[in-house]
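Colleague: Letter by letter, the chains look like this.
Protein chains: 2
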Amino acid sequence: MSWKTFKEAKIAAYCKAKEKGEVDPDIVALVESINENPDLVSLSSCSGRINLLRFDIDERKSTAEFFAKWHGLVEKEEFEMRLYSYTEKMQLWFKVEPFILHVAAKDLESASGFLEKIRKSGVKRGGIQAISKEKVLMEVQGNDYIAVPTDSVEEWGPLLDIANRMMERNLDLLGKLEKLEW
Amino acid sequence: MSWKTFKEAKIAAYCKAKEKGEVDPDIVALVESINENPDLVSLSSCSGRINLLRFDIDERKSTAEFFAKWHGLVEKEEFEMRLYSYTEKMQLWFKVEPFILHVAAKDLESASGFLEKIRKSGVKRGGIQAISKEKVLMEVQGNDYIAVPTDSVEEWGPLLDIANRMMERNLDLLGKLEKLEW
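One line per chain: the protein sequences are P and E, in this order.
Going letter by letter, the first sequence gives residues 1 to 182 in our numbering.
Going letter by letter, the second sequence gives residues 1 to 182 in our numbering.
Chain P on its own, in the form it takes in the complex:
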């Protein structure tokens, strides 16, 4: 498959997902700014979120799944109502995850250019994950995160304040990235 055909298929899939409301609104501007570069195309994205996740460290693969997620700020009352409604045995984790973005590039030169801009903007995590003749696959992710079993936390107010502050900083970073020329 040529790069042009590949990109057109990915753009069509993105438009469909966006129509269905499956693309996080806070990352739309960045994704569309990246897609303006003829040599880049977005594959999947998440703008960042606050999660409650079923997770047993010794049964990782079979069990990690969402109990609740928020893509924006979370209010203590709403959060605690959801948390205290959890009655399963499996350990529940509280996680704050920054944005994550998968992007394909036409060649190594355009991939390197993309990663260079990403690093200069202060994003530390990410790189090229696979290289084939037709394309280069990359993953990049924001910086700040929280991960802790919910039963280790006594009082949620201060931790939710920090979680919300992280989400705001994550949005600031997305805002900075979407203003760049990709």
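Because the hints were derived from the structure by calculation, they are not lab data.
Treat the hints with care, as some may be off.
Copies of the same chain are indistinguishable here, so a pair counts whether it falls within one copy or spans any two.
Derived DSS-like pairs: lysine-lysine, alpha-carbon spacing no greater than 25 Å straight-line [as the list claims (entries may be wrong)]:
1. 133 - 106
2. 106 - 10
3. 133 - 120
4. 179 - 117
5. 89 - 69
6. 76 - 95
7. 106 - 124
8. 124 - 16
9. 20 - 10
10. 117 - 10
11. 176 - 18
12. 179 - 133
13. 176 - 124
For chain P, the structure is supplied; the task is to place chain E on it using the hints.
Modeller: Just chain E, lined up with the frame of chain P:
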């Protein structure tokens, strides 16, 4: 600089660091197994650790620094003694971080081969971070982590049990990786 000269210099630096006790013992076997491949060389590594870290989300760059770290399992009594000796104003975070490894490859082919083996072994995070004529730079990191401000945690016993279990699983993964032929 030719690849051969570059690799020789990095191996010399590694041997010096190892002599000084600056290489984590639990990652030595993996690093030396990787270095047996003439087209790969390790640049830096950490076998994974449990940290207490000064960290203010709004002053990230200027303030993130270690207050304490353990490269192996941690005992509750020793941990709490260290934690309760902290009297500074800056928020203190508890973090469990899996192994991290920086490796250079001679070319894209050897880099891709390395990353493929890494993925097949169950390591999800990592990729190529920079490409130049002479070499390809990669970063790979283990899977499980914890990150939470210490003042959100009421009781340390259960959380330290999970932290130690993560460290054990991290060592299992390193053990699996060091047995591969790189």
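Colleague: Next step is simple, just say for each hint if it's right about the structure.
Modeller: Quick rundown of the hints versus the structure:
{"no.": "1", "hint": "133 - 106", "in the structure": "both (9 Å within a copy, 19 Å between copies)"}
{"no.": "2", "hint": "106 - 10", "in the structure": "within (13 Å within a copy, 33 Å between copies)"}
{"no.": "3", "hint": "133 - 120", "in the structure": "between (27 Å within a copy, 21 Å between copies)"}
{"no.": "4", "hint": "179 - 117", "in the structure": "within (12 Å within a copy, 37 Å between copies)"}
{"no.": "5", "hint": "89 - 69", "in the structure": "within (19 Å within a copy, 32 Å between copies)"}
{"no.": "6", "hint": "76 - 95", "in the structure": "both (15 Å within a copy, 24 Å between copies)"}
{"no.": "7", "hint": "106 - 124", "in the structure": "both (23 Å within a copy, 23 Å between copies)"}
{"no.": "8", "hint": "124 - 16", "in the structure": "neither (31 Å within a copy, 28 Å between copies)"}
{"no.": "9", "hint": "20 - 10", "in the structure": "within (15 Å within a copy, 51 Å between copies)"}
{"no.": "10", "hint": "117 - 10", "in the structure": "within (22 Å within a copy, 28 Å between copies)"}
{"no.": "11", "hint": "176 - 18", "in the structure": "within (22 Å within a copy, 41 Å between copies)"}
{"no.": "12", "hint": "179 - 133", "in the structure": "neither (31 Å within a copy, 31 Å between copies)"}
{"no.": "13", "hint": "176 - 124", "in the structure": "within (15 Å within a copy, 27 Å between copies)"}
Going down the numbered hints, you'll see the structure goes against 8, 12, while the others check out.
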